[in-house]
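Go by the hints and put chain Y onto chain U.
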Amino acid sequence: MIAYNHAWLKNLLIRQDVDNAFDEGYITKAEQDTIHKKYPVGFYTPNIFIRIGLFILTLIIMLFSFGLMVMVFLSSVERVLGGLSIFFAIVAYLLLEYMVKTKKHYRSGVDDALLWGSAFALFAGISFPNSFSDLTNWIIIFIITLYGSLRFADRLMAVAADISLLGILFYACVECGSTVKAIAPFILMGASMIIYFGVKKLKLQETTLHYLGCLEMISITSLISFYAAGNYYVVRELSNSMFHLNLQPGASIPFGWLFWLFTIITPIIYISRGIHKKDAVMIRVGLLLVVAIVFTIRYYHSILPIETMMTFGGIILLTVGYILMKYLHEPKYGFTYKQISKKHALDKLNIESLVLAETFAPGIEHGGTKFGGGSFGGGGTSADY
Amino acid sequence: MDDTLFTKLHEEGVLSEGSLLKIKARVSGNLFSLHWEIKTLLYLGVLLLSGGLGILVYKNIDSIGHQAILLFIALVCIGCFYYCLKHKAPFSTQRVLSPNVVFDYLLLLGCLSFIIFIGYLQYQYTVFGNRYGLATFIPMVLLFISAYYFDHLGVLSMAITNLAAWMGITVTPLEILKANGFNNTTIILTGLLLGALLISASLFSKKRDLKKHFEFTYNNFGMQIIFISCLAALFEFESIYLLGFLVLLGISWYFYTKALNDRSFYILLVTTLYTYIGLSYVFIRLLDGLGSFFSEGVIYAGLIYFIASGIGMVLFLIRTNKKMKANDRI
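Protein sequences, first through last, are from chains U and Y. Taking the numbering used here, the leading residue of the first sequence gets 1, the next gets one more, and so forth. Taking the numbering used here, the leading residue of the second sequence gets 386, the next gets one more, and so forth.
So here's chain U without its partners, still in its complex pose (with noise of 0.2 Å):
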């Protein structure tokens, strides 16, 4: 199903891993080196840099190239547009699996870029010379994007397959009447529940090796996702102007408290079952979370004034900070506040030259395989497995 060469793709993960051990210091140069030319990678797969500008140009070349035909076809054009579409979609796929297939490309921004490009003028082509309904589009959307990721492993694609599942399973209930309208944010906790736990499982199939990377974005998502179904502010605001409810400023939903039940429960779950499971991603999603409950709370219940909370908060943070680093400065429980990779330890300066480094500085990445890993915008929180 997946277009890249299998065989490399699996010498990427091992690449990946042994890469990794090297950073944390635990094994020498010459067995990296060693390994990796036992398990060559054939991709042509440029410096992340590289893979930004190439991304931005064929995005360039593929819009004019549009307008090149919308030229040609003018005098009929809105009668022609959905087909002109659709044909373009055609041609940066062909394209798309031509430089897979011969030119090797994988993750260079030029496939990133047809890939995402295709996706949308089919979707344009199909969608926009009918009007179809919300549910319909979302079928669509659904049925393109898993396309997309099953066939490129591309995490994005991913998400978004994810995130247009969940749009069908709302817009169904929707169509379905007021009662089942009423329990839709059940429904969708449920389905990111049984997304997470199903991705979970799926992850440990050796089938599904190529998209470890999909997999881990879409645990992430359905988090989110849980999150979001069961939030307040959420469920209040959508089925306020969504249902036509006419809430008064002030006024609560049914099962109201339920609601706030999960909006401030759930993060506090996340966060310390990640610690419980050692699961760096539950903590991070759960961290973010917490954010979140502040926010709904705020906007509906003025407890202090902004100031004042932000003061507090400040040093309640700055408090509980401070403690965890001291605590944990030697290794308890199998936590430790010291950096484990080397490559990072050794760079003991602050955070702006930190992050300076990570996004600028020349000569720190070399060698293209580093880079493979983190599709556009996946590369922060999916780092850790």
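I should point out that these hints are in silico values taken from the structure, not numbers from a laboratory. Where is the CB? At the ideal position from N, CA and C, for every residue including glycine. Don't take every hint at face value.
As the list claims (entries may be wrong) - List time: in silico SDA-like cross-link candidates among lysine to any residue, alpha-carbon distance up to 20 Å:
1. U:278 with U:334
2. U:38 with U:14
3. Y:424 with U:281
4. Y:592 with Y:658
5. U:326 with Y:647
6. Y:409 with U:224
7. U:101 with Y:703
8. U:203 with U:280
9. U:277 with U:224
10. Y:710 with Y:669
11. U:181 with U:258
12. Y:591 with Y:477
13. Y:407 with U:52
14. Y:471 with Y:484
15. U:101 with U:44
16. U:10 with U:32
17. Y:707 with U:331
18. Y:424 with U:337
19. Y:444 with U:308
20. Y:407 with U:335
21. U:103 with Y:703
22. Y:393 with U:205
23. U:181 with U:252
24. U:101 with U:7
25. U:103 with U:224
26. Y:591 with Y:647
27. U:326 with Y:703
28. Y:424 with U:291
29. Y:708 with U:52
30. U:37 with Y:390
31. Y:710 with U:19
32. U:326 with Y:485
Stated by the list, open to error - Examples of chain U residues lying across from chain Y (beta carbon under 10 Å, computed):
33. 12
34. 13
35. 18
36. 21
37. 34
38. 44
39. 49
40. 68
Coordinates of chain Y only, in the frame set by chain U:
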């Protein structure tokens, strides 16, 4: 991390016994680093606390009074610098590692509060009168000194930003700015000058081995500023745009060779994109000169230009990437 892969590698004979044992110890120890989580907590805490305190002071300015606030800011500033002076490692022309995390934050806080202090003095009491240049010059000097003395890249970035502000204000007196009489020409020329200055500073730090690791920051600021000013000049001085284009090409050539020498993909990307913008502008100007702007032929030519040049740029990037990687192995 899982040790099955490494056991397999060991059986294949590419991993030594010692390395495997180390990895096995690491896996069974299963140490989990909360480094970034804790750092983020601290960073957010500083942001929230300073923001909250700032608003608190702002809202209560009537009851506190300006002198008290100024005194407070001054005390914070002095306290921070006192700590930094006491804990700093001895000065060296090489990179000096900071003694601890707190040091970095306090140095930043000290520098920030100094800028606020000067700004507050000027805003409330107009101490410097109409010599606005002086009000930006003094913090700039202090920032540069701190950046070198304490070896801090963040402070260096602040100092460079301040330098830009100082140059901008010096060439364009505030009255003119207020009267909306923007003198684009001077601003663009100043930008070119500033860019050239920063690039020379980067060359200087590298050649003279004075804080070599500052070179990248200088070069990065200089590169962005000089490219943007050069493009602005291209758009602004319409009558001599071909000359502007030649200057742009010269700058691009400099950074292209630098990218190859330093093997910096970042510099290569930035250079390529800015040059491409300039090139496309000149091409469209030339097309525009050929016929009326909306004639069909011109639009076709423009579209085909973008497709062809885009493909050309893609090939250029791919080939240069290959070249730089080939050098990598030497």
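The hints, checked one at a time:
A threshold of 20 Å between alpha carbons decides the hint, and for residue 278 of chain U with residue 334 of chain U the separation of about 9 Å falls inside it, so the pair holds. Restraint check for residue 38 of chain U and residue 14 of chain U: satisfied, since their Cα atoms lie roughly 11 Å apart, inside the 20 Å limit. A hinted pair counts as satisfied when its Cα atoms are at most 20 Å apart, and residue 424 of chain Y with residue 281 of chain U qualifies at roughly 16 Å. For the suggested pair residue 592 of chain Y and residue 658 of chain Y, the alpha carbons sit about 28 Å apart, so the restraint of at most 20 Å is broken.
With a C-alpha separation of about 40 Å, the suggested pair residue 326 of chain U and residue 647 of chain Y falls outside the 20 Å cut-off, and the hint is violated. Of the pairs offered as hints, the one joining residue 409 of chain Y and residue 224 of chain U is violated, with about 34 Å between alpha carbons and a cut-off of 20 Å exceeded. A threshold of 20 Å between alpha carbons decides the hint, and for residue 101 of chain U with residue 703 of chain Y the separation of about 17 Å falls inside it, so the pair holds. Distance restraint check for residue 203 of chain U and residue 280 of chain U: the Cα-Cα separation of roughly 16 Å lies within the 20 Å cut-off, and the hinted pair is therefore satisfied.
Our distance criterion of 20 Å between C-alpha atoms is met by residue 277 of chain U and residue 224 of chain U, whose separation comes to about 18 Å. For the hint linking residue 710 of chain Y to residue 669 of chain Y, the alpha-carbon distance of about 34 Å lies beyond 20 Å, and the restraint is violated. Of the pairs offered as hints, the one joining residue 181 of chain U and residue 258 of chain U holds, with about 17 Å between alpha carbons and a cut-off of 20 Å not exceeded. For the proposed pair residue 591 of chain Y and residue 477 of chain Y, the alpha carbon gap of about 15 Å is at most 20 Å, so the pair holds.
With a C-alpha separation of about 38 Å, the suggested pair residue 407 of chain Y and residue 52 of chain U falls outside the 20 Å cut-off, and the hint is violated. Distance check on the hinted pair: residue 471 of chain Y and residue 484 of chain Y sit about 11 Å apart at the alpha-carbon level, within 20 Å; holds. Using a Cα cut-off of 20 Å, the hinted pair residue 101 of chain U and residue 44 of chain U holds, with the two alpha carbons roughly 11 Å apart. Restraint check: the Cα-Cα separation between residue 10 of chain U and residue 32 of chain U comes to about 16 Å, which is no more than 20 Å; the hinted pair holds.
Taking the CA atoms of residue 707 of chain Y and residue 331 of chain U, the gap is near 44 Å; set against the 20 Å cutoff, the hint is violated. At roughly 9 Å between alpha-carbon atoms, residue 424 of chain Y and residue 337 of chain U fall within 20 Å of each other, so this suggested pair holds. Under the criterion of a C-alpha separation no larger than 20 Å, the hint pairing residue 444 of chain Y with residue 308 of chain U is consistent with the structure, at around 11 Å. Distance hint between residue 407 of chain Y and residue 335 of chain U is fulfilled; the C-alpha atoms sit about 19 Å from each other, no more than 20 Å.
Distance hint between residue 103 of chain U and residue 703 of chain Y is fulfilled; the C-alpha atoms sit about 12 Å from each other, no more than 20 Å. Taking the CA atoms of residue 393 of chain Y and residue 205 of chain U, the gap is about 19 Å. The hint holds against a cut of 20 Å. Proximity of residue 181 of chain U to residue 252 of chain U is assessed by CA-CA distance (about 17 Å); at most 20 Å being required, the pair is judged to hold. For a cut-off of 20 Å, the pair hint linking residue 101 of chain U to residue 7 of chain U stands: about 14 Å separates their Cα positions.
Distance check on the hinted pair: residue 103 of chain U and residue 224 of chain U sit about 37 Å apart at the alpha-carbon level, beyond 20 Å; violated. Of the pairs offered as hints, the one joining residue 591 of chain Y and residue 647 of chain Y holds, with about 12 Å between alpha carbons and a cut-off of 20 Å not exceeded. Among the hinted pairs, residue 326 of chain U with residue 703 of chain Y is inconsistent with the structure: their alpha-carbon atoms are about 48 Å apart, more than 20 Å. A threshold of 20 Å between alpha carbons decides the hint, and for residue 424 of chain Y with residue 291 of chain U the separation of about 16 Å falls inside it, so the pair holds.
Between residue 708 of chain Y and residue 52 of chain U, the direct Cα distance comes to roughly 18 Å. Compliance with the 20 Å bound is thereby established for this hinted pair. Of the pairs offered as hints, the one joining residue 37 of chain U and residue 390 of chain Y holds, with about 16 Å between alpha carbons and a cut-off of 20 Å not exceeded. With a C-alpha separation of about 18 Å, the suggested pairing of residue 710 of chain Y with residue 19 of chain U holds against the 20 Å cut-off. Pair hint residue 326 of chain U plus residue 485 of chain Y holds up; C-alpha atoms about 13 Å apart against a cutoff of 20 Å.
The beta carbon of residue 12 of chain U is not positioned within 10 Å of any beta carbon in chain Y (closest approach about 13 Å), and the interface hint is therefore violated. Checking residue 13 of chain U against chain Y by beta carbon gives a least distance of about 9 Å; that is within 10 Å, so the hint holds. This hint holds: residue 18 of chain U has a C-beta 8 Å from the nearest C-beta of chain Y, less than the 10 Å allowed. Annotation: interface hint on residue 21 of chain U holds; nearest CB of chain Y at approximately 6 Å, less than 10 Å.
Proximity of residue 34 of chain U to chain Y holds as hinted, the smallest CB-CB distance being about 5 Å (cut-off 10 Å). At about 8 Å, the closest approach between the beta carbon of residue 44 of chain U and any beta carbon in chain Y falls short of 10 Å, and the interface hint on this residue holds. Hint status for residue 49 of chain U relative to chain Y: holds, with the closest Cβ pair at about 4 Å, below 10 Å. With its C-beta approaching chain Y no nearer than about 4 Å, residue 68 of chain U sits inside the 10 Å limit, and its interface hint holds.
The structure is inconsistent with the numbered hints 4, 5, 6, 10, 13, 17, 25, 27 and 33, although it conforms to all the rest.
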